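Colleague: Letter by letter, the chains look like this.
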Amino acid sequence: MLLDRCGDTMNRETPEIDFSFVLASSVHDMKNSLGMLLNTLTDVMQKYPPSDAAHAKSYAVLEYEAARVNSELIQLLSLYRLDHDQIRVHIDECIVVDLLNEQVARNCEVFQTRDIQLSLVCDESLIGYVDGDLVSGVINNMLVNCARYSRAALIMSAEQTPDGLCITIDDDGPGYPEDMLNASTYAESRSSFAGGRPHLGLLFANKVALMHENKSKRGFIRLTNDSCLGGGRFRLYLP
Amino acid sequence: MPGNPYEKIQALVIDDFENFRNTVSKMLQIFGIRNVDSAATGAEALRYCASKVYDVILCDQNLGKGKSGQQILEVLRHKPSLNSDSLFVLISAETNKSIIMAAYDYEPDAYLTKPITSQALEQRLQRLFAQRLALMPIHKAMKEEKIDEAIALCKKKIADADRFAGICQKMLGRLLLDSGRYEEAESIYRELLEVRQLDWAMLGMALAKKNQGDSLSAQHWLEEILQLNPLCLKAYDTLAEIMRERGDFQSQQKIIQQAVDVSPLSILRQQILGDISLKNNDVLTAASAYRKAVKIGENSCFDNLDTHENFARAGVQLAKIDKVAAKPILRDALKVIADIPVNFGKNNANKVNSYLLESQLHMAASDERRSLEALGHAEKIIATHPPDLPIESKIEYVKTLREVGHQLEADNIIAELLAEYAADEQQLQKIDCLLDEPRSVKNKAVVAKVNKDGIAFYDAKDFVRAVECFSNALQDFPQHIGLRLNLVQALIGLSKQQADKTQSAIHIKNTLDTVRQMITERHPQFPRFRQLDDVLNAIS
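Line by line, the protein sequences are chains A and B. According to this note's numbering, the first sequence holds residues 1 to 239 in order. According to this note's numbering, the second sequence holds residues 1 to 540 in order.
These are computed hints drawn from the structure, not numbers from a lab. These numbers come from a predicted model, not from an experiment. Positions of the beta carbon are idealized from the N, C-alpha and C atoms, including for glycine. The reader is advised that the hints may include incorrect statements.
One-sided and incomplete, this derived list gives chain B residues near chain A with beta-carbon spacing under 10 angstroms [unchecked claim]:
1) 23
2) 114
3) 119
4) 124
5) 127
6) 165
7) 166
8) 200
9) 212
10) 215
11) 229
12) 230
13) 439
14) 441
Simulated crosslink set (DSSO-like; lysine-lysine; CA at most 27 angstroms straight-line) [said to hold, decoys possible]:
15) A:217 to A:207
16) B:79 to B:97
17) B:509 to B:320
18) A:215 to B:97
19) B:346 to B:295
20) B:97 to A:217
21) B:461 to B:399
22) B:452 to B:279
23) B:114 to A:57
24) B:430 to B:380
25) B:449 to B:461
26) A:215 to B:234
27) B:461 to B:430
28) B:97 to A:207
29) B:449 to B:351
30) B:351 to B:335
31) B:509 to B:279
32) B:156 to B:146
33) B:442 to B:399
34) B:146 to B:114
35) B:323 to B:335
36) B:170 to A:217
37) B:114 to B:279
38) B:26 to A:47
39) B:449 to B:496
40) A:207 to B:114
Using the sequences plus the hints, can you model the full thing?
Modeller: In structure tokens:
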């Protein structure tokens, strides 16, 4: 006679995994490792300065890729939270030049190893009302991406406009491809892998911009190719 | 050669990874901060902090076992100490600072996200030092309680559109609130809110309204903040406070519960949740909250004896209504109680209380043998040190005797206590929880009011409120037969309004059974008890 399976009192349900916790935990671990990686790389670069162009290029690649992983992790965690945990945007005052300087400082090694000149143009007294953490993530992301495509120069600037605070990143690279200039591209939730350009990054930037709301005005992003340096221009507007 | 501006700066680096400590120390040395101490654990760090003033403390949030970065900050800020004003920079891998902020009660001066580059570190420290310098006159005025001077200095920076104008605006609002200038504070916040909805300005507005007695407006503002920012703990705390002031303890509990869900690691809120849910008769929530508070308390400076003892008491009460849910609680509580003398001092009062609560817990777990054994240990100490023991221990002794069924002894001790403290209003108030009818002036008035209010609800057929009113009072006066019979009547009224009477029927039966254990034929309320008992039999 077959055993009556219904009499089995063992709990068949697997415990539900709190993915939010898994994600945050994994990201924390990865960032710790990344920290170790970057610090060791700095030490190595100090002890063994590049002996030739190929050597210098290897260092540049290491720096860039590590920075890339870091910015993707930030983006990953932020996007997940914005969608699933319904993290709200937390607006507070910030001194814009400080926020931007911080992202520059975070990534200066990446630009140094690639011989890219990064300049910042922003009034010392410019105040912005933003979610500092999210906007930092977006700027960091854009800088790292631009580092890949720029030739020798990058200008980041910020000013108050009728549409709100505008942060601009101009590069001297080949410019953004046609499909990216179309605003609807980054409003889609399904990112495309064609072209290798960081559509996910723009999705993130767009989402963060939209979440900045003030008295019925919302933020937005614009991509154009009328950069003052001849390449692409990224603009982030926050009301 | 230009002087080193960081020559005199003293820094402390705290992280459990040696590698990280070395890296950060090196970074600091590179831009001129040469006096750097480093510690691997919270305990070590606090030892350093006890003997030296640091200008800046860089601390990782996650330090493995023992205190976390935030818990170290708690210790430094909670009581005035050498380093309560030191710049505290919390380092973590978390990018979203609202999440960390929500977890605890004290805010660091800055957050740094890993991985850290030396440029980022230098820049951040430069900004912090510059800010501290710029705001020093204001902080000095505040420390010396020269509020008007501080306010004037803030206003000047704001008028000058100084780069710290924003921070000064926050401080100005705070100063006006603290010094009672509520209308002025309100106008400042209103001006800001006309341009945009900043949650700190909304919070300020709520506080201004609350302090002017307009609790409804305050509530409206706070609820709006929580719609926009469900992580704003100050809003929950203020809202809970408003509910408490209104006497709406159920709502107070609901709000604290929401705050606890956002910040489960906040020991203070778990303790408050325990206290308020116990008061509201929600023993299950109370036991769970106290248990968490004890667990977090392992590393927190806010741990206290009451929380540990209340955990046990909640467990004992829970066992009376839900044996299954109580089982793990009782098991944990026994461990916690056994450790009380170790954690809070091996004095006689603690030892006695520990044994007494242990005895009650064993009884609740139906282990009579161990219960009597623990009681025996307690009695040995009581017999040899009667004068030392505070009244609270004697009260706990009476409760324990009742739990194990030694009614006569319990009654004898009560008689002794009443004789000794007959004229002492303070002590009588404490003894009242053991009595059927309170003896103290204060509690007689309290019970009279409860009856008045409860009966008013009953007459108006608001049976839910009547039940609540009597139940809450019974937490403080569990031996009061009159109140308990009033509760039964209110429950009967309630059940008549309900379609599904099963829950009420169970509650009525349990309550009458409790009275049955306590009452004697000679009691003035006995006839009433019999009458209600008959009603119960008629219902079931």
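Colleague: So, for every hint listed, does it hold in this structure?
Modeller: Here is what the structure says about each hint:
Interface hint status for residue 23 of chain B: upheld, as the beta-carbon distance to the closest one in chain A is roughly 5 angstroms, under 10 angstroms. For residue 114 of chain B, the shortest C-beta to C-beta distance to chain A is roughly 5 angstroms, which falls under 10 angstroms, so the interface hint holds. For residue 119 of chain B, the suggested interface contact is upheld, since its CB lies about 4 angstroms from the closest CB of chain A, less than 10 angstroms. A least Cβ separation of about 7 angstroms between residue 124 of chain B and chain A falls short of the 10 angstroms threshold, and the interface hint therefore holds.
Contact between residue 127 of chain B and chain A, as hinted, is supported at the beta carbon level, the nearest pair being about 6 angstroms apart and thus within 10 angstroms. Interface restraint check for residue 165 of chain B: the shortest CB-CB distance to chain A comes to about 8 angstroms, inside 10 angstroms, so the restraint holds. For residue 166 of chain B, the interface hint holds, since its Cβ comes within 10 angstroms of a Cβ in chain A; the closest pair sits about 4 angstroms apart. Against a cut-off of 10 angstroms between C-beta atoms, the interface hint on residue 200 of chain B holds, since the closest Cβ of chain A lies about 8 angstroms away.
With a cut of 10 angstroms, the hint placing residue 212 of chain B at the interface with chain A is violated, because the nearest CB-to-CB distance is about 26 angstroms. Hint on residue 215 of chain B is violated. Least Cβ distance to chain A is approximately 26 angstroms, over the 10 angstroms limit. A cut of 10 angstroms between beta carbons decides the hint on residue 229 of chain B: the least distance to chain A is about 5 angstroms, and the hint holds. The interface hint given for residue 230 of chain B is met, as the beta carbon of that residue sits about 7 angstroms from the closest beta carbon of chain A, less than 10 angstroms.
Using the Cβ-Cβ criterion of 10 angstroms, the hint placing residue 439 of chain B at the interface with chain A is not satisfied: the shortest such distance is roughly 53 angstroms. Checking residue 441 of chain B against chain A by beta carbon gives a least distance of about 51 angstroms; that is not within 10 angstroms, so the hint is violated. For the given pair, residue 217 of chain A sits about 14 angstroms from residue 207 of chain A by alpha-carbon distance, which is consistent with the 27 angstroms threshold. For the hint linking residue 79 of chain B to residue 97 of chain B, the alpha-carbon distance of about 25 angstroms falls within 27 angstroms, and the restraint holds.
A hinted pair counts as satisfied when its Cα atoms are at most 27 angstroms apart, and residue 509 of chain B with residue 320 of chain B qualifies at roughly 13 angstroms. Taking the CA atoms of residue 215 of chain A and residue 97 of chain B, the gap is about 25 angstroms. The hint holds against a cut of 27 angstroms. Of the supplied pair hints, the one linking residue 346 of chain B and residue 295 of chain B holds, its CA atoms being roughly 21 angstroms apart against a limit of 27 angstroms. Between residue 97 of chain B and residue 217 of chain A the alpha-carbon distance is near 25 angstroms, which keeps this suggested pair within the 27 angstroms criterion.
Note on residue 461 of chain B and residue 399 of chain B: the hinted pairing is violated, with a Cα-Cα distance of about 35 angstroms set against a maximum of 27 angstroms. At most 27 angstroms may separate the alpha-carbon atoms for a hinted pair to count; residue 452 of chain B and residue 279 of chain B meet this at roughly 20 angstroms. Of the pairs offered as hints, the one joining residue 114 of chain B and residue 57 of chain A holds, with about 25 angstroms between alpha carbons and a cut-off of 27 angstroms not exceeded. For the hint linking residue 430 of chain B to residue 380 of chain B, the alpha-carbon distance of about 24 angstroms falls within 27 angstroms, and the restraint holds.
At roughly 18 angstroms between alpha-carbon atoms, residue 449 of chain B and residue 461 of chain B fall within 27 angstroms of each other, so this suggested pair holds. Of the supplied pair hints, the one linking residue 215 of chain A and residue 234 of chain B holds, its CA atoms being roughly 24 angstroms apart against a limit of 27 angstroms. A distance of roughly 34 angstroms separates the Cα atoms of residue 461 of chain B and residue 430 of chain B; the hinted pair therefore is violated under the 27 angstroms criterion. Between the alpha carbons of residue 97 of chain B and residue 207 of chain A the distance comes to roughly 19 angstroms, so the proposed pair stays at or under 27 angstroms and holds.
Restraint check for residue 449 of chain B and residue 351 of chain B: not satisfied, since their Cα atoms lie roughly 38 angstroms apart, outside the 27 angstroms limit. A distance of roughly 14 angstroms separates the Cα atoms of residue 351 of chain B and residue 335 of chain B; the hinted pair therefore holds under the 27 angstroms criterion. About 22 angstroms separates the Cα atoms of residue 509 of chain B and residue 279 of chain B, which keeps this hinted pair within 27 angstroms; it holds. The suggested pairing of residue 156 of chain B with residue 146 of chain B holds, with an alpha-carbon distance near 16 angstroms, which does not exceed 27 angstroms.
Restraint check for residue 442 of chain B and residue 399 of chain B: the C-alpha separation of about 22 angstroms stays at or below 27 angstroms, so the hint holds. In summary, the hint linking residue 146 of chain B to residue 114 of chain B is not supported, as the alpha carbons are separated by about 40 angstroms, beyond the 27 angstroms threshold. Taken as a hint, the residue 323 of chain B and residue 335 of chain B pair is honoured in the structure, with Cα atoms around 18 angstroms apart against an allowance of 27 angstroms. In summary, the hint linking residue 170 of chain B to residue 217 of chain A is supported, as the alpha carbons are separated by about 25 angstroms, within the 27 angstroms threshold.
Among the hinted pairs, residue 114 of chain B with residue 279 of chain B is inconsistent with the structure: their alpha-carbon atoms are about 44 angstroms apart, more than 27 angstroms. Taken as a hint, the residue 26 of chain B and residue 47 of chain A pair is honoured in the structure, with Cα atoms around 15 angstroms apart against an allowance of 27 angstroms. Under the criterion of a C-alpha separation no larger than 27 angstroms, the hint pairing residue 449 of chain B with residue 496 of chain B is consistent with the structure, at around 26 angstroms. For the proposed pair residue 207 of chain A and residue 114 of chain B, the alpha carbon gap of about 24 angstroms is at most 27 angstroms, so the pair holds.
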